[in-house]
Amino acid sequence: MTSTVRTGGAQAPSAPEFPMPRAEGCPFDPPPALKKEQEQGPLRKVRLWDGSTPWLVTRYADQRALLADPRTSADITRPGYPSSAPVRGSSFSFILMDDPEHARQRRMVTAPFTIKRVEAMRPAVQKIVDGLIDDMLAGPPRADLVQAFALPVPSLVICELLGVPYADHDFFQENSKILISRSAAPEERGAAHAKLIGYLDELMGHKIARPADDLLSGLGTRVGAGELSRREAAEMGVLLLIAGHETTANMIALGTLALLEHPDQLALLRDSDDPKAVAGAVEELLRYLNITHGGRRRVAVEDIEIGGEVIRAGEGIIVPNDIGNRDPEVFADPDRLDLGRDARRHVAFGFGVHQCLGQPLARMELQVVYSTLYRRIPTLRLDAGLEDLSFKHDGAVYGVYELPVAW
Amino acid sequence: MKVTLDQDKCVASGQCVVAADDVFDQDDDGIAVLLDPTPPSDRARVLLRVQPSEPDGTSEASVRAPRPGDGRIERPGSTVGRTR
Chain W
-8 MTSTVRTGGA QAPSAPEFPM PRAEGCPFDP PPALKKEQEQ GPLRKVRLWD
42 GSTPWLVTRY ADQRALLADP RTSADITRPG YPSSAPVRGS SFSFILMDDP
92 EHARQRRMVT APFTIKRVEA MRPAVQKIVD GLIDDMLAGP PRADLVQAFA
142 LPVPSLVICE LLGVPYADHD FFQENSKILI SRSAAPEERG AAHAKLIGYL
192 DELMGHKIAR PADDLLSGLG TRVGAGELSR REAAEMGVLL LIAGHETTAN
242 MIALGTLALL EHPDQLALLR DSDDPKAVAG AVEELLRYLN ITHGGRRRVA
292 VEDIEIGGEV IRAGEGIIVP NDIGNRDPEV FADPDRLDLG RDARRHVAFG
342 FGVHQCLGQP LARMELQVVY STLYRRIPTL RLDAGLEDLS FKHDGAVYGV
392 YELPVAW
Chain X
23 MKVTLDQDKC VASGQCVVAA DDVFDQDDDG IAVLLDPTPP SDRARVLLRV
73 QPSEPDGTSE ASVRAPRPGD GRIERPGSTV GRTR
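Same order as they appear, the protein sequences are chains W and X. Residue numbers -8 to 398, in my numbering, belong to the letters of the first sequence in order. Residue numbers 23 to 106, in my numbering, belong to the letters of the second sequence in order.
Bear in mind the hints are in silico, worked out from the structure with no lab data behind them. One or more of the hints may lead you astray.
Partial selection, computed: residues in chain W whose CB lies under 10 Å from chain X [said to hold, decoys possible]:
(1) Ala94
(2) Met99
(3) Thr105
(4) Arg335
(5) Gly343
(6) His345
(7) Leu348
So the derived label-pair ranges between C-beta atoms look like this [claimed, not checked]:
(8) W:Gly42 / X:Thr60: 54 to 60 Å
(9) X:Asp43 / W:Gln31: 40 to 46 Å
(10) W:Asp192 / X:Asp50: 25 to 31 Å
(11) W:Asp294 / X:Asp50: 36 to 42 Å
One-sided excerpt, in silico: chain X residues whose CB lies under 7 Å from chain W [to be verified]:
(12) Ser35
(13) Asp44
(14) Gln48
Note that this is a predicted model, so its numbers are computed, not measured. Built from N, CA and C at the ideal position, the CB exists for glycine as well.
Could you put the whole structure together from the sequences, leaning on the hints where they help?
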């Protein structure tokens, strides 16, 4: 097998298609074919929608090293970049840029995500969570947890932080869903993106005219000072709005499903009032579910050697963190959900300069949610068969479309 | 032990503060600030976890413990190397 791996280029004609399907009945596990690639070697080739054959970096340690390696680029316009769909438009948010411009723009929006400021938001998040649970308990004893709880919690929080009116949530949730869907046509996605940019641009106009104490107003000030174009500010707003609610919402709903399917683990959370145990449980759920399942994308700007093989400058690189988080070299019995384990090394938020900038906020929201929901609704149960649920195989962010629950 | 911090490489994820708030803080923009450059050596286990990446990568903080030859702390098993 070693010789096959070494001649990675020659392996290309038979390179498996990426992304790969998950196994029927195993909604929490990465695709079996992807796990198989990990077993076969640290560096494999896969085939994308456009016929290109980028490298797949299968193991945890190499994934971290590559994501932190300045010889890789996240610039989607660079030849060889392994995009997940046809690249449209000419304006992108900073997650698809390299330093120094990436760092310059990113640092404009890091302030609200410091540990201190996130901690200061905890009581407000607790109030939102309790309020939504009150509403659920006041109605009939069943609901779609996605609509009643999982989506509103992070949407309310990010709206408050950015200064976006929550009343517009139907509009931005609907268009976010299209924008990050793999199955939507490129034209559809382009239209959704244009609508969101238009919306944020208009909002930015209001913030510039009448600044408030929120993140968009802060960006508006920078636009006024000439540090940022209005278009760049709108791109950032769209990025933060989407990243702020899609990811956490899916972690809440899919995490709840995983816990309902592992009642012994759910009991650990429900019966614990130790914040450290709750924080540990959040890290393990992040590791186990790794909802950003499309693989981080990079292109090599210089030759990079991995275990005797060389990724040439200009070749695409895909880093599937879902199997990195299931690497048996790093996590013992990796396919087991074990809330008691130390999972803090996981790469669910990525790694290196592009790692999730909202991770302190995501962690805090999930800590509040997981430590509250099952305690306040101890009889919570799935109101459908696992096989009846529809999963977001087609989304950039994995999750469950609806989660019927009863209590 | 001795702790050094390269603020230019900080990505403002705040994980150093979560791991060791007696050693690290963040400024208003989230950039790491070193509170104690010489913490007691019994903090080594926690502090080594703070250092997340390769020497030429994006460490939030580079943590060095004095040892024979003052070598860099070994990072677990990546096979990524330099070609040249």
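Of all the hints numbered above, which does this structure not satisfy? Sort the numbers upward. Hint 13 alone not satisfied by this model.
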